[in-house]
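Colleague: Residue strings, one per chain:
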Amino acid sequence: MPQKSFRQALNEALHHEMGRDPTVIVLGEDIAGGAGASGQQDAWGGAFGVTKGLLGAFGPLRVRDTPISESAFVGAAAGAAVTGLRPVAEIMFVDFLGVCFDQIFNQAAKFRYMFGGKAVTPFVLRATYGAGTRSASQHSQALYPIFTHVPGLKVVIPSSPYDAKGLLIQAIRDNDPVIFLENKLLYDTVGEVPDGAYAIPFGEANVLREGGDATIIAFGRMVHFAQEATAILAAEGIDCTVVDPRTTSPLDEDTILETAEETGRVVIVDEANPRCGMAADISSIIAENAFGALKAPIMKVTAPHTPVPYAPNLEAAYLPDAKRIAEAVRKTMAYRK
Amino acid sequence: MPQKSFRQALNEALHHEMGRDPTVIVLGEDIAGGAGASGQQDAWGGAFGVTKGLLGAFGPLRVRDTPISESAFVGAAAGAAVTGLRPVAEIMFVDFLGVCFDQIFNQAAKFRYMFGGKAVTPFVLRATYGAGTRSASQHSQALYPIFTHVPGLKVVIPSSPYDAKGLLIQAIRDNDPVIFLENKLLYDTVGEVPDGAYAIPFGEANVLREGGDATIIAFGRMVHFAQEATAILAAEGIDCTVVDPRTTSPLDEDTILETAEETGRVVIVDEANPRCGMAADISSIIAENAFGALKAPIMKVTAPHTPVPYAPNLEAAYLPDAKRIAEAVRKTMAYRK
Amino acid sequence: MTGMQLSREKLLEAYRMMRTIRVFEDRVSAEMASGDIPGNTHLYAGQEASAVGVCMNLVQSDNIASTHRGHGHCIAKGCDVHGMMAEIFGKDTGICRGKGGSMHIADLSKGMLGANGIVGGGPPLACGAAMTAQVLGRDDVAVVFSGDGAINQGTTAESMNLAQVWKLPVIFAVEDNGFGEATASSFVVAGEIVKRADALGMAFAKVDGVDFFAVHDAAAEAVARARRGEGPTLLHIETPRYYGHFSGDPDNYRTAEEKAAMRRDRDCLTTFRRRVGEAKLLAESDLDAVDAEVQAVIDSAVKAARAAPQPPLDSLTTDVYVRYP
Amino acid sequence: MTGMQLSREKLLEAYRMMRTIRVFEDRVSAEMASGDIPGNTHLYAGQEASAVGVCMNLVQSDNIASTHRGHGHCIAKGCDVHGMMAEIFGKDTGICRGKGGSMHIADLSKGMLGANGIVGGGPPLACGAAMTAQVLGRDDVAVVFSGDGAINQGTTAESMNLAQVWKLPVIFAVEDNGFGEATASSFVVAGEIVKRADALGMAFAKVDGVDFFAVHDAAAEAVARARRGEGPTLLHIETPRYYGHFSGDPDNYRTAEEKAAMRRDRDCLTTFRRRVGEAKLLAESDLDAVDAEVQAVIDSAVKAARAAPQPPLDSLTTDVYVRYP
Ligand SMILES: Cc1ncc(C[n+]2csc(CCOP(=O)(O)OP(=O)(O)O)c2C)c(N)n1
Ligand SMILES: Cc1ncc(C[n+]2csc(CCOP(=O)(O)OP(=O)(O)O)c2C)c(N)n1
Ligand SMILES: [Mg+2]
Ligand SMILES: [Mg+2]
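Protein sequences, first through last, are from chains A, B, C and D. Here the working numbering is used: position 183 in the first sequence is 183, and no number is missing along the way. Here the working numbering is used: position 1 in the second sequence is 338, and no number is missing along the way. Here the working numbering is used: position 250 in the third sequence is 924, and no number is missing along the way. Here the working numbering is used: position 264 in the fourth sequence is 1263, and no number is missing along the way.
Derived from the structure by calculation, the hints contain no laboratory data. Since we're looking at a predicted model, the values are computed, not measured. Be a bit skeptical, because a hint or two may be false.
[As the list claims (entries may be wrong)] With a straight-line Cα cutoff of 30 Å, these simulated DSS-like cross-link-like pairs (lysine-lysine) come out: (1) Lys389/B to Lys1166/D; (2) Lys1166/D to Lys1194/D; (3) Lys455/B to Lys1194/D.
Take the sequences, apply the hints, and build the full model.
Modeller: Below, the structure written as structure tokens:
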């Protein structure tokens, strides 16, 4: 299979779907870039280059550079979704949700329910998330727990180029509002990605590794750290299962509970802040539904309850890493009641 | 001690603090009401009458009716807080956080950290929350898990008139941003409230009842439902502890863990949606730190993963109630590994 | 075509709509007072000429976005009055199956994108509907009704700029009833509303919202402009608000005299009757017949709503998603 | 007092500030290119006359709110250049102890309320600072700098209306460098920026941001108006942006010719030199001496920043709250 970057995988997904379905449009700030300027058009293709080339292929009616007015254009995407388009809006950094959250959680997410099942809202919101780029407190947050909390939204966090493409295609074809979160530090990672279009269903976890001793559950970039940790642990004779749920809403509870029951020891890795976070969420599901099989406390490895710091040494300490994950697994292994 | 309503308790707290400290101001839509109109001034005293009488006592410079511009006036409260005032902003329904969230979570909450500890932000945001008033999906949410998730915010949910007054006074005197959430259906509840000013420290749970069999943890209006449940259960010979943490951030983990360890059986009641909610949060803390003492799965009694419906019968089914709480306790009692 | 040139049928339809809204709202008010309606409502009485004057220019595939004070817009855009009443009573036969209530009445099949509990919630949505028309090459337009209070919500300002730079076929119908809740708009709205459009180079008009014909004609021009692809228009429509902000509002911030004068001097129904009478377009008896018909419709809607079943309990958890997982 | 009437000391100070900003930014750009600065920066070079022209009218107790492109505002409001450079290097000696970085430089003791990573984040905050002055009966003013792109953010529109209805002593300094990131403002800003103020009845002025004296004089009037309690002003300040949007931006959406012409024809430093020279207010040698001083300061700031320690690891979890629990 051809090797492609995470960025290219996403770009291909957009090309496929826009080519296939004339109701798919993309919109966002500098989604093309250069509009109204003297130089190159499609100069950026989005701040992270994901939408590069779409302008040339599909023209400015379907590839729309917007004013810096997230409420207006995210809300316009919601309004377009219930009237016949399949918009894919981009907010560069998920941290900007604060200026447009109403249109996401009170409007798009609730139409179908409030309207008694009559609305169909095929709305996709793409955004980058995550720390590690020295971008400080307002450009580094994870925030997926907030979206996961909201009924009516689906939330996707791909960890590999393959998943990125398949999940984005599913998001665009899906008939519900989808928040699609891309970790900035994964854009340049490379993996096998088929040339054709394929959709990965939501709510199906990917079990990357099976081991009898402990289960590690992780999302997005943290999946890679979890796998690093298993390498360290394997050398010590500890054999781990690694589960990447891929979507936090819907969540593949079955797979999570199954592997938790198999190993009886669970570590959940979450780069979001800990309070009411994803690690807490999954832990509580296990504590309620797989209690009898547990051999040790359910451990969470998360960011601390602090904003994201700027200084590189602090930011490195902020994020979970393989060492901390391995340490948590060791702790659950050593646990005796 | 005199009997007062929850509403009056809050009103007294505001009167006390505004009288004591000239830097305390209140602002919000119709916080007085009637501005610019032909009839009565201070016509509303806020949509729920909590700020009634403040205009007459403290004048329009300190009791400020605002345009419907939540970002501007909530952000102005944040800006005033770091420059010398102690503003108490009101957004009528916490559901409106979507139009002003940036000023809360990216600005007010993060100033101190981003600025290296140099900012002090004595900012209070009051809002009503909760279902049960047939106000449907956009006027009935709980949403405190979202605020609790955010480092830099404190989150308060009083359950009684006494607590309402003491916690609001603490909120106003506190030097950190505080989200103060009032359940609409508690405003008319009555209880003992001293005439004088007193502050209840944050992060100190209130243990309303001690019983050896199981621990029920609940917030706000759910505390009353939890107590109802204990009455049902007592008749069956099941004796429960009831813990009201009063603040979700900071959270009194010590008291929660202690009582969880004492009883080994825990039910958490949360009227918020379940995913990444408060029940999940507390469950995960217990599952990580009091695992050895647990005799049964940690049960969550929450709203379902749906928006709040309008029809009274559906809304009643949406909210946790004493029956569901009692049932969950019975389940933990019946649990055998 | 100006309003005065409308056919006899169209004139009767306009009057029927306005009258239906008035009677609907008066009746909801009465039912609220008797405690039989569960929720809370914001009544549109007094503002009827605005919704109807605008919507008479629309076809079914055009879309409107509305507000918390949405009943009038719903009726004017063709929502079923029985379904609306049942919705307000929280019944399974409601237009949203009892899940939405007064503040969320919607019927997408009629181009009614929903009342909205969030002030300023509608403008971005209407831009979206207009974008759909633009992308698909249709000549549909979108109208967003919003209040004078909503003009200060950032979403409105953003949407107006977006509409103007994208030349979206959208009309901002600002219904200025002088109040946002209990606060007079003079206290919170700086400057002049139409100038906010003018500053963006957007077309605008200010009209007397008590006069159906004035609203109709200004809206006709705006709709035609939008259909021609020449972009958005802001209509500043001045109306009275007969009731308090919400049912139960003591409305103590307005004097009794002010309220009496408003009902006496600023009634779009009597104004309409006078104008069509003077122009000899319709007879009193035609209009009286409509009044009687409307009364019967509303009576039957209330009766049906009362008799209808509550939603089944299992509908609590349906319709959150199309498919989950 | 107009800018041309400023004392010799004040004129030298103004030049020193502008020069400091330029050299600071050019140096940050060079250090970024060499990979020694961890984060990302948005450079203010080209816009110096705006920050300095405005801030020369302020005293320490006045407040400013800034943007992602904040270095210039910080320097003009008196933030310590050593502390700023150390902050950008992510060091413990940084003005925010390394926790904020370029986008969050703040010094409340100097009335600098923070750069801001959120476009449109500042206007509400400045209204708040102005409200503080108003409530406490002080004659302090607040200035919010924001870009032409930020004018379309709803928070800006809301804040302008709020400021006008409350007559807040706040100045909206809109720095129009023609771009929001890679998109030309002509593509996304409908109408004329000053008309957005005029629509609210707000005072306004449009000035050439390359000319320190033009900015100074317009700001002086706005500040005096605010101090007199007569409310807000919008200043539309047209400036070039010398670098790309962020360090690393290929800046390929502007032609090489356009960029060269901008640097050649629109330089506030050479403009200042020419004007004070023509008016015989300062000698070339005075200005050259300032250049040399400034160069030394920046050199020393970079040297110190490089040598400074990283923040201690335990500072990761401090300063989230004043007290917790
Ligand atoms: C974002 C938001 N803020 C506040 C409210 C509370 N609220 C409901 S209606 C209303 C007044 C709206 O005034 P206007 O736009 O003039 O509409 P009118 O009620 O006069 O029709 C307010 C403040 C809300 N629903 N949403
Ligand atoms: C709410 C929000 N949206 C988008 C961005 C990304 N962003 C950062 S700077 C910028 C352009 C701002 O343009 P302008 O206001 O003109 O300021 P300039 O960069 O030209 O100084 C954008 C879109 C952001 N930081 N915050
Ligand atoms: Mg109004
Ligand atoms: Mg700009």
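Colleague: Would you check the hint for Lys389/B and Lys1166/D, treating anything up to 30 Å between C-alpha atoms as holding?
Modeller: holds, 25 Å
Colleague: Checking one constraint from the list: CA of Lys455/B to CA of Lys1194/D, max 30 Å. Satisfied?
Modeller: violated, 38 Å
Colleague: Would you mind confirming whether the straight-line C-alpha gap from Lys1166/D to Lys1194/D stays at or under 30 Å?
Modeller: holds, 18 Å
When each numbered hint is compared with the structure, a violation occurs for hint 3 only.
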